[in-house]
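S.K.: Go ahead and model the full structure; you've got the sequences and the hints to work with.
Each residue of the sequence shown is one higher than the one before, starting from 1 at the first, in UniProt numbering.
No lab work stands behind these hints: they were computed from the structure. No false leads were mixed into what you were given.
Each pair of labels, with its calculated beta carbon distance range:
| hint | residue 1 | residue 2 | range |
| --- | --- | --- | --- |
| 1 | E115 | F183 | 14 to 24 Å |
| 2 | A215 | G90 | 38 to 48 Å |
| 3 | S305 | E219 | 39 to 49 Å |
| 4 | E293 | R324 | 32 to 42 Å |
| 5 | A314 | E115 | 31 to 41 Å |
| 6 | E321 | P110 | 34 to 44 Å |
| 7 | R324 | L181 | 36 to 46 Å |
| 8 | R325 | G82 | 31 to 41 Å |
| 9 | R262 | L336 | 25 to 35 Å |
| 10 | A306 | T218 | 41 to 51 Å |
| 11 | D268 | D80 | 39 to 49 Å |
| 12 | G184 | S56 | 30 to 40 Å |
| 13 | F183 | D268 | 42 to 52 Å |
| 14 | P292 | S201 | 13 to 23 Å |
In this text, a Cβ means the ideal position worked out from N, Cα and C, and glycines have one as well.
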Amino acid sequence: MTHTAASLPTVSRSSSGRPLVAVTGADGFIGSHLTEELVRAGYRVRAMAIYNSQGSYGWLDTLEPEVLEHVEVQLGDVRDAGSVRALMGGAHTVYHLAALIAIPYSYVAPRSYVETNITGTLNVLEAARDLGTRRVVHTSTSEVYGTARTVPIHESHPLQGQSPYSATKIGADKLAESYHLSFGLPVVTLRPFNTYGPRQSARAVIPTVISQIAAGRTEIRLGDLRPTRDFNFVADTARAFRAVGEAGDEVLGRVLNAGSGREISVGDTVRLIAQVMGREVEVVQEDIRLRPEGSEVMRLLADASALRDLTGWAPEVSLEEGLRRTAEWFTNPAHLARYRVGEYTV
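M.R.: Structure follows, in structure tokens:
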């Protein structure tokens, strides 16, 4: 694994002949899984990890050596145009995943979401325009739809900024759209629904439940149990990113949903997790975990037919199997030790 300074251009040292792609947010949950997916598919990945003085590369530090052999980690910050340009130089495709994603924290520090999610996206788009990048895969989120007005949710569904987080992602999505329409930039936007799996932050409901059960808790602390979600195992989401990165030009300028088409409430998800893990639990609602009344997205269910028709992508991992794999990962003591079990993570 080659580590390069944020201020310097990265030079490939690989003689494998693998095509080079860049990934922002590669140190995060989905980004690290996408990095694995791309390497196993035959790519060399230049991966941006946010600069920190501890020398941590996030979840990239946990990848297998045979994967890391084809990864160049560049410390930087998507808010810094120089970092972004250095990352993307020579890469034929950039997968832009870097973002602040925790909805509760967006109530506390909304300006930081504007700077990362909107300005960071602008930096990626400007660099791609200047460098002639072959394709930009921009990451959206199902949160931009807000509570569903019609289901399943098609890409033409109205956008509703029900949190500062979703508002900044709407802004980023529209910037990507504008660069395609104004400058012909080869952009495709992937809109994943609720991704879950190993390495996910405990701010999300599935790792919150699984980590508490794995730690031996029988009383599970959660927020609202009524909202419904369309959950997707992270390996399927990573394949969706690769699918739009490799597809023909017919995907350019499009926004494409990636979802399972299966709707389940938070409460029923808890019961399914307990069943998969062979445990009985009691759920206790904590007010601190509740979103403001008008901000909670009550219903999400994807129509992913456009992605399927254009790329052939379809989810391969059922919810039951995905929960089993996720629970297996979290019950490893070394993995569980990374989490503050039971504490509310903003």
